[in-house]
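Undergrad: What follows is each chain in one-letter form.
There are 2 protein chains.
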Amino acid sequence: MSNPTAAMIVIGDEILSGRTRDSNMHHLAKQLTLVGIDLNEVRIVADDEDEIVGAVNALRVKYTHVFTSGGIGPTHDDITADCVAKAFGVSIGVRDDARAALAQNYDNPETELTETRLRMARVPDGSVLIDNPISKAPGFSTGNVHTMAGVPKIFEAMLEGLLPKLGAGKKILSQTVDVAQKEGDIAKILGQIAKANSDTAIGSYPYYNDGSFGCKLVVRSTNADRVAAVAAEIEAAFLG
Amino acid sequence: MSNPTAAMIVIGDEILSGRTRDSNMHHLAKQLTLVGIDLNEVRIVADDEDEIVGAVNALRVKYTHVFTSGGIGPTHDDITADCVAKAFGVSIGVRDDARAALAQNYDNPETELTETRLRMARVPDGSVLIDNPISKAPGFSTGNVHTMAGVPKIFEAMLEGLLPKLGAGKKILSQTVDVAQKEGDIAKILGQIAKANSDTAIGSYPYYNDGSFGCKLVVRSTNADRVAAVAAEIEAAFLG
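One line per chain: the protein sequences are P and Z, in this order. Here this note's numbering is used: the first sequence runs in plain steps of one and ends on residue 254. Here this note's numbering is used: the second sequence runs in plain steps of one and ends on residue 254.
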């Protein structure tokens, strides 16, 4: 498979402290699978400049796209925009198009767009804005790094506008076979099937529910015929 | 705060593909907060040797503890144990104590502990086993890297046994003030409060529900009096 690749950086003290359970990563993973972009890595980092800059620079050279969520609001702990600018070595400031987007929120933008609120219109030089249909404060794409909000409904709305503009790959198809056996009982034959069908990816995901062990065997490929054929081979081996 | 620090590595194609929503990370984050270990970073990587080895080596020198979840079963895609051994530069093989743990699952271990099943008793040299009260196949601590199962109920049971053995810090306390205002309307004063109380950590987490904006302001510290005092200051500023 030669689909575009992607990584995500979640900026979130609230996730690392266990206060909030992440949902943006799960949403992004599902959406990228639908359009054929392979999400290969996720990093969750604290609201710390060195960590964010380090993650942006490590990942942007390695993957086709990097998506970030969180830290672009107006408060003292919102440092993502500055970190992206620092990672790219460009300056950052309030930009007219971002200010105009933000101004839609106010009846009298000239007086109501205070210095604090204008923090949300600061954009690293050379960026392209990402539309925010909900609260107007825009995200931005700097090179291949797409900086978006952390509030899930806003993240999802920004992504919906952004994704069609990115070069997509072939949709990754999958089929799941649920086998009510322990992995140790099927591992040898499954390994042989995986080796013989290495053009597909076969994952085994064990589960334990109500005292019973089992595993979900997932066949993935961009080729529908191959997914169906390998899933049928797995069914014949373990459910036959 | 000088609590022990931690990172987590989630090994999981199924999470990156969006098939499964992670729960181990959220569970670990909550448990570490309770015992006063600061979770500072999480990486989610694919079932890929270079990625896993790279993450283990990047994080184990940086944090007091590294916790991993996933990839220690018997199937072809379970490569975590080998990757940890490679990261530490030690050999790996079936060990008697791990074999004895696994043997509890079988009436006739001598015939039933096949080569495939014994893959689950392979442990990097120098490791200490982590008890698995559910399915017996053990996890293991190699230096400061704690390798555990991906199945949530088993991960949680392993962690419950492991955590009391680790040096804990002071429990991180928090108090949340819910303010039904946009961040832009409170950011300036909140920034002043944060600056004046820099011995505590103050986070602002915006939300958007049913057309209404608001933010949760979270004060964190190991000192209960300071948490209460700063939360009271925030309440006076925005709810008074």
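There could be a bad hint or two in this list.
Keeping only pairs whose Cα atoms sit at most 27 angstroms apart, straight-line, the calculated BS3-like set for lysine-lysine is [to be verified]: (1) Lys150/P - Lys230/Z; (2) Lys167/P - Lys44/P; (3) Lys100/Z - Lys167/P; (4) Lys202/Z - Lys100/P; (5) Lys196/Z - Lys230/P.
Keep in mind that the hints were calculated from the coordinates and are not lab data.
Undergrad: Indicate, hint by hint, whether the structure satisfies it.
TA: Consistency of the hints with the structure:
{"no.": "1", "hint": "Lys150/P - Lys230/Z", "result": "20 angstroms, holds"}
{"no.": "2", "hint": "Lys167/P - Lys44/P", "result": "15 angstroms, holds"}
{"no.": "3", "hint": "Lys100/Z - Lys167/P", "result": "42 angstroms, violated"}
{"no.": "4", "hint": "Lys202/Z - Lys100/P", "result": "23 angstroms, holds"}
{"no.": "5", "hint": "Lys196/Z - Lys230/P", "result": "44 angstroms, violated"}
In the structure shown, a violation is registered for the earlier hints numbered 3 and 5, in ascending order.
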